[in-house]
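Starting from the given sequences, assemble the full structure and let the hints guide the process.
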Amino acid sequence: MINIRIDEVGDINFDYPYLEVFLKDGQKPFLEIGISEEKELVFKFYTSKTDVLMNVDEWKHILSAANEFLPRALKNEEDYLNFNEK
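Each residue of the sequence shown is one higher than the one before, counting from 1 in the working numbering.
Worth flagging that the hints you see were computed from the coordinates, not collected in a lab.
Heads up, the beta-carbon is just placed ideally off N, CA and C, and yes, glycines get one too.
Be aware that a few hints might be false.
The following label-pair restraints were derived from C-beta to C-beta distances [as the list claims (entries may be wrong)]:
{"no.": "1", "residue 1": "Phe83", "residue 2": "Gly26", "range": "33 to 39 Å"}
{"no.": "2", "residue 1": "Asn55", "residue 2": "Phe83", "range": "40 to 46 Å"}
{"no.": "3", "residue 1": "Asp11", "residue 2": "Ala65", "range": "25 to 31 Å"}
{"no.": "4", "residue 1": "Asp79", "residue 2": "Asn3", "range": "20 to 26 Å"}
Following this line, the structure appears as structure tokens:
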């Protein structure tokens, strides 16, 4: 069973959206997955008062979501920039 929730966040202050990763019932993310200037995934772990424990399936779920997110986010930004150039 996957006890992870992943939300996509759009912010006008950033070129690309990013993912926030929560424990299923958590209110604060323990991980942010963004896109670097080199257009690669970057993982930012937040400090927490409680330990975050994940099994292999949950980690695979996070990596799968991140790998699906990257090309989609890059394409969306490219489409947006191309549209605005017209």
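Hints versus structure:
1. Phe83 with Gly26: 33 to 39 Å: 36 Å, holds
2. Asn55 with Phe83: 40 to 46 Å: The hinted range 40 to 46 Å holds for Asn55 and Phe83, with Cβ atoms some 42 Å apart.
3. Asp11 with Ala65: 25 to 31 Å: 18 Å, violated
4. Asp79 with Asn3: 20 to 26 Å: Because 34 Å falls outside the window, the suggested range is violated.
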